[in-house]
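There are 2 protein chains.
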Amino acid sequence: MIFRTISDLQAQVVAWKAEGATIGLTPTMGALHDGHLSLVKRACEQCDRVIVSIFVNPTQFNNAADLETYPRSENRDVALLDRVDAVFVPSITEMYPEGFVSNVRVGGLSERLEGAHRPGHFDGMATVVMKLFNISKADIAFFGEKDWQQLQIVRRMVKDFNHSIRIEGCVTLREADGLAMSSRNRRLGENARRRAPALYSAMQKVADAVRSGAERDVALDVGIQILRDSGFESIDYLDVCEATTLTPAEKSGASLRVLAAAWLDGVRLIDNLVV
Amino acid sequence: MIFRTISDLQAQVVAWKAEGATIGLTPTMGALHDGHLSLVKRACEQCDRVIVSIFVNPTQFNNAADLETYPRSENRDVALLDRVDAVFVPSITEMYPEGFVSNVRVGGLSERLEGAHRPGHFDGMATVVMKLFNISKADIAFFGEKDWQQLQIVRRMVKDFNHSIRIEGCVTLREADGLAMSSRNRRLGENARRRAPALYSAMQKVADAVRSGAERDVALDVGIQILRDSGFESIDYLDVCEATTLTPAEKSGASLRVLAAAWLDGVRLIDNLVV
Chain A
1497 MIFRTISDLQ
1507 AQVVAWKAEG
1517 ATIGLTPTMG
1527 ALHDGHLSLV
1537 KRACEQCDRV
1547 IVSIFVNPTQ
1557 FNNAADLETY
1567 PRSENRDVAL
1577 LDRVDAVFVP
1587 SITEMYPEGF
1597 VSNVRVGGLS
1607 ERLEGAHRPG
1617 HFDGMATVVM
1627 KLFNISKADI
1637 AFFGEKDWQQ
1647 LQIVRRMVKD
1657 FNHSIRIEGC
1667 VTLREADGLA
1677 MSSRNRRLGE
1687 NARRRAPALY
1697 SAMQKVADAV
1707 RSGAERDVAL
1717 DVGIQILRDS
1727 GFESIDYLDV
1737 CEATTLTPAE
1747 KSGASLRVLA
1757 AAWLDGVRLI
1767 DNLVV
Chain B
1497 MIFRTISDLQ
1507 AQVVAWKAEG
1517 ATIGLTPTMG
1527 ALHDGHLSLV
1537 KRACEQCDRV
1547 IVSIFVNPTQ
1557 FNNAADLETY
1567 PRSENRDVAL
1577 LDRVDAVFVP
1587 SITEMYPEGF
1597 VSNVRVGGLS
1607 ERLEGAHRPG
1617 HFDGMATVVM
1627 KLFNISKADI
1637 AFFGEKDWQQ
1647 LQIVRRMVKD
1657 FNHSIRIEGC
1667 VTLREADGLA
1677 MSSRNRRLGE
1687 NARRRAPALY
1697 SAMQKVADAV
1707 RSGAERDVAL
1717 DVGIQILRDS
1727 GFESIDYLDV
1737 CEATTLTPAE
1747 KSGASLRVLA
1757 AAWLDGVRLI
1767 DNLVV
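Protein sequences, first through last, are from chains A and B. Under our numbering, the residues of the first sequence are numbered 1497 to 1771, in order. Under our numbering, the residues of the second sequence are numbered 1497 to 1771, in order.
Put simply, identical chains are the same to the list, so a pair is met inside one copy or across any two.
Pairs of lysine-lysine, DSS-like flavour, derived with a Cα cap of 25 Å:
hint	residue 1	residue 2
1	LYS1655	LYS1633
2	LYS1513	LYS1655
3	LYS1537	LYS1513
4	LYS1633	LYS1513
Rather than coming from a laboratory, the hints here were simulated on the basis of the structure.
Make a model of the complete structure from these sequences and hints.
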C-alpha cells in the first residue's frame, strides 16, 4: 500500500503497534536495485511489518545538477515492493512544510570524507532520517554498508539522542565484475561501465597492501595509480580509516576500512571495503 | 524513586509502557520552586506515571560563571518530588559520554532574543530535550511559559522532527508582587529583590500601550524607562513579537507577546507577557 502523507502512515503505524507488530524501515531514495531489495528482504525476515520510504531528499544534495539528474522510477520501484506493507512516498512539502527550520548535526563524523566534499550532505541526511525514524516508529532500520559513513553517522546519531531504534547494516551487493550496486551506475556510459569496477580493484589492492604491512601512503598510491590508469577523471578521496570514527588509520591493529569516492564519465562513484 | 542512569530509567519506562501507562515528563534544572511544582502537578493530573528530570545541562550555558553559580539543591528538590514516580538525576558523563558529537538546531527561532544574547544556548537546550524525550518515551512533556522562547522552540522541534510527544505550556507562576518565579531569583540581594517586579510592570505598561494603539517604539520606550528608573543595570532586550515565530511584531492584529531580559544586581532576569 502506498502512503503519501505523514498522517496516513502514522495512523497505520498506530494500528500495527496496537497489534503488537514489530516494524522495520528501509529508507531509500528510490531507483531501486538489488542492493535495496536485499535490505528489504532482511527487513521482511526480521519484522512483522515493513515500511520502505522513497524520498529523494533535496536537503542532502549539495549539487543542484546531481539532484536534478538523480534517477527516479517511482512506478517501477513500487512494483518491486509489492510484498512490503507500506511504501511511503511523501512530497517535498509534506516532509518540509512552510516554517520548517530544524536540523540534526552529527559533528566530526559528518565533516570527513564525503562530508568534506559534499558540504551539508550529512546534516540533510541525518535530519530526514530522524524524521523517518519518528514517523515510522520502526523497531529496526536497515541501511546498506555501501554508504559506510552514512551508516556510522546514523548509528552515532541514534546513540547520542538515545533513540530506541536499532540499526542494522547490510553488506554491499556487487555486480559480477565487482562494481558496487548504486542508483548512480545507471548514468555511466557503456565504456565507463566497463572500467568502473577498477574502483573495487583499487580498494582491494589498498587493503591487501595495508594487510601486508605497507606504509599507508604507499598502499594508497597503489590504489590511486589503478584509478588513474582506468580513466577515472578525479579522486575525491581514497583513504584508510578507523572503521567507526572514520579518523585516518594510525595503527594497523584497529578495525580499518578503505573508503573511496572518484569520478568516472562525469559520475561520482563511492565504495568501501573492510581491511 | 531516583534514577541516575539512562538504562535504569529506560527499563522502568518499558515496564510502564507494558502496563499501558501514559507517561508525563517535566524537564528541570533543579532548584525547584512553586513554578516547577505547578508543572509537576499538571503532569500528575494528566498522566499515569510522571518523570521529573533534574539536570543542570552544561551545553546550554554560554557563560561559565552562570553555570558555576546556578543554584543546586538536589536533596531538597528530591524531597519536594516525593509524589512523582521517577526523579531522573543523570551525571554529565551519563548524558554526554565520550564520543558524543551530535546536536539539534532549530534555526531562525533560536537566533533571536535569548539566542542573540546567549550563543549556543538553544542548541544545547534542544539537544538535551530531544534526548530526554527519547529516554523517557513520554506521551506529554510540560514546559513553563516563563521560558516562552524555549517553549516555542521545543514545539517547533517536535513538529519538524515529527516526534510523537505532546507539548503542554503552563502559565507562569508569580510572587505576590508580580515577579515571575525563577531559580535565579535566589541570587538577588534584598534591595534588588524589592525592585525586581519592575520587570513585570514594565512589560505590562508596554502591553497596555500596544493595546491602546501606540507605535511599537513608543510603547517600548515606556518599558525601558521603568526598568532604568528601577535600577536595572542593562537591558538585553525588551520587544513585542509575534508569539510563535518571535519575529518583531508588525501588525497589532497578530497574536503578540512582550518579551524581556534585563540585568539587576548582577542577575539576569527574563519574563514575558501576552499582549
